[in-house]
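As given, the protein sequences belong to chains Y and B, one line each in that order.
For the first sequence, numbering that gives the first Met the number 0 gives the first residue as 0, with consecutive numbering after it.
For the second sequence, numbering that gives the first Met the number 0 gives the first residue as 0, with consecutive numbering after it.
Keep in mind the hints are simulated off the structure, nothing from the lab.
Here a beta-carbon is modelled for each residue, glycine too, at the ideal position from N, C-alpha and C.
Computed footprint of chain Y on chain B; a stretch qualifies when at least three of its residues, placed anywhere within it, have a C-beta under 8 angstroms from a C-beta of chain Y: (1) 176 to 190; (2) 193 to 201; (3) 208 to 219; (4) 246 to 257.
Covered stretches of chain Y (chain B as the covering partner; in silico rule of three or more C-beta atoms under 8 angstroms from a C-beta of chain B): (5) 179 to 189; (6) 208 to 217; (7) 229 to 242; (8) 249 to 258.
Facing chain Y, a subset of chain B residues (Cβ under 10 angstroms, in silico): (9) Ser158; (10) Gly160; (11) Ser241; (12) Asp242; (13) Gln267; (14) Ala270.
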Amino acid sequence: MTDRPFLEISQLTARLKGSGTPLLRSVDLAVPAGSVHGLVGESGAGKSMIGKAILGILPRSVEVATGAIRLDGTDLQSLPPAERRTRVGALTALIPQDPLTALNPSRRIGPQITDRLVDILGWDRARAVDRARQLLAEVQLPDPDRILRSYPHELSGGQRQRILIAAAFAAEPRLIIADEPTTALDVTVQKQILRLIREMQERHGTAMLFVTHDLGVVSKVCQSLSVLYAGKIVESARVEDFFRAPAHTYSRALLAASPRYTDPHGSLMPVPDEVMQAVRAEVAAFDEGRAAHV
Amino acid sequence: MSEPPSDVLYGVEHLHLSLPDLTRKPLLGPAPRIHILNDLSFTIRRGEVMGIVGGSGSGKSTLGRALVRLLEPTGGHVRFDGTDITHLGEGELRPLRRRFQMIFQDPMSSLNPRRTVGAIIEAPLALHGFDDIARRSAEALDQVGLPRSFARRFPHELSGGQRQRVGIARAIAMRPDFILADEIVSGLDVSSQAQVLNLLEGLVKDLGLTLAFISHDLSVIRRLCQRILVLHRGVIVEEAPSDQLFAAPQAEYTKELLAAIPLPDLDQVWA
Ligand SMILES: Nc1ncnc2c1ncn2[C@@H]1O[C@H](COP(=O)(O)OP(=O)(O)O)[C@@H](O)[C@H]1O
Ligand SMILES: Nc1ncnc2c1ncn2[C@@H]1O[C@H](COP(=O)(O)OP(=O)(O)O)[C@@H](O)[C@H]1O
Ligand SMILES: [Mg+2]
Ligand SMILES: [Mg+2]
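Input sequences plus hints: build the corresponding full structure.
So, in structure tokens, the structure goes:
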């Protein structure tokens, strides 16, 4: 891959304001244009925080201390806030985890898809509605006009997730952050949604940062991945290399902890205490090293 | 009633459960009924772990709630340890309630956020007149591998996996004959999932628990469960010993569920 990555994060460090507790520790991460990169780690590792840092929607209590987030070569951190918002709004979109809480229950689906096109991108309403109709057909929802008029509770979990996928692709973003987009779904619906995401991503040539704790999902949708622990990336690899032989002991333990019904005795292994101690020690050593440099 | 204790703990025969569909109630007359469970028959033997699998909306939770009589069946029979509990009133159920316990998917909403972990484990013990409550609660924490100091913590101070262990501790402290676990690892990340499943596997062996383990995901079920029952639209489409079900699934729906699981493996054909 000689192309410059579309998303390139370098040395990104974020902390809790006040206490200074590190949440992201010198994160380096690159997603080539048109490619899907998995971001894996246990809950609380900081996966969503990385997504929020890119989108510029970090909680007020969190500040970026150092580092760069480049989209198509431009460092977002160097832009004035308004310009940053416009740029991020035009180039990126989010597919969130929980389709029910992501949709406003008291509004019809139509405006929830078109608002962003109209308000942020300045499209006229008729063009936005046309686009929404076209996207609903593309995510294989029958009767788009009826869907546009429905309320979220009138639809199933799988249908709602299809709507959020349609909404994410609506403005042809160059990068989509998918934050555990299928965790709330059962396996058969998950499979349909993952295939849909892959098809859409390939057809539109969108780069994707795919957040999940499930290595099974990574093996099906990603070309490369990073493993995060306590806000620190312990390993980045291409999936061919990773699934053959993960380099880091913590990654190996995560793979052994994953369910694999074809190997009931070699899977679902709890992460050994020694491995947890070793990765925590690595994080502590990193923190001390940085402290020593300051 | 002097039969020898049978090895069957639950005997379910032709179980039906329907509920009035209030969203389609006409102005006059009764609401039409939705048939949620249709003619289910199976047994759960003592010391067995029974997996109950199916997609969302297939009726798993409804079946679980009928087993522990949070719902009253509309037809058929549920026998628990020889007693027909299908239509028992709350008064008659009370002495049985200690004997079947539940652990739910969302530990946060099933644990009272304003009570400490200790109080959460002790409340049902007190309700059912156990002695030595503090000791029992401390032992239950030991058994689920949480430090005793956790008794003073609140649910929001715990991780998802830790909360799920509190749910397990609360259930096993009651020394129940049967535990119903409804999607208890579905909300957890892989490492917590593996931890909770291994803990449960150990407890099943050590305490001789009888367990019904509900999940929409067959991949977490294989090692824990001896038998698996597959539900689809309120009907049992397949019931088989675990190894047999994975080696040679019979029902189309079971095959579909298995094929949908993304294995962490680049060679799996998953298209
Ligand atoms: N609004 C917030 N304020 C302060 N800390 C937060 C906030 N949201 C999350 N955190 C903390 O940031 C860390 C990373 O969280 P998150 O990115 O949500 O993890 P993940 O998505 O990997 O599960 C966690 O330790 C979490 O407790
Ligand atoms: N109180 C209720 N009133 C009407 N329908 C219900 C009620 N509870 C459950 N259902 C319906 O019964 C079916 C089975 O639900 P449930 O047992 O929760 O399934 P599962 O646990 O397998 O996801 C679903 O179609 C659900 O919509
Ligand atoms: Mg998250
Ligand atoms: Mg359920």
